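Start from the sequences, fold in the hints, and give me the full structure.
The opening residue of the sequence shown carries number 72 in this note's numbering; numbering runs sequentially from there.
Among the hints, erroneous ones may be present.
Unchecked claim - Pairwise CB distance ranges, derived in the manner of DEER restraints:
| hint | residue 1 | residue 2 | range |
| --- | --- | --- | --- |
| 1 | Arg102 | Ala123 | 13 to 23 Å |
| 2 | Gly113 | Pro87 | 16 to 26 Å |
| 3 | Arg102 | Ala133 | 29 to 39 Å |
Keep in mind that the hints were calculated from the coordinates and are not lab data.
All of these numbers come straight from a predicted model, not from anything done at the bench.
Just so you know, even glycine gets a beta-carbon here, dropped at the ideal spot from N, CA and C.
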Amino acid sequence: MRTLKKLVLGETWWLPLGIAVVLIIGGLVIRPLAPALWHDAGGFLLLAGVLAVLLSSVARSATRRE
72 MRTLKKLVLG
82 ETWWLPLGIA
92 VVLIIGGLVI
102 RPLAPALWHD
112 AGGFLLLAGV
122 LAVLLSSVAR
132 SATRRE
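Listed below in structure tokens is the structure:
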């Protein structure tokens, strides 16, 4: 839990940059190319992207400590 707290409070740039990339890709790429998909599943796509960034961020911090 301590690692997650450190990540969320900004001791790394990986998490904020990753979330920014997910939002940019979602808003500027997926939404214009597939508006129906975005309307139906946009929230789930954003959730999946944010979870992927969070998991990769935790994995990166765990490998640094080993």
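Evaluation of the provided hints:
1. Arg102 with Ala123: 13 to 23 Å: Since Arg102 and Ala123 have Cβ atoms about 18 Å apart, the given range 13 to 23 Å holds.
2. Gly113 with Pro87: 16 to 26 Å: 21 Å, holds
3. Arg102 with Ala133: 29 to 39 Å: 33 Å, holds
Hint compliance for this structure: no hint is broken.
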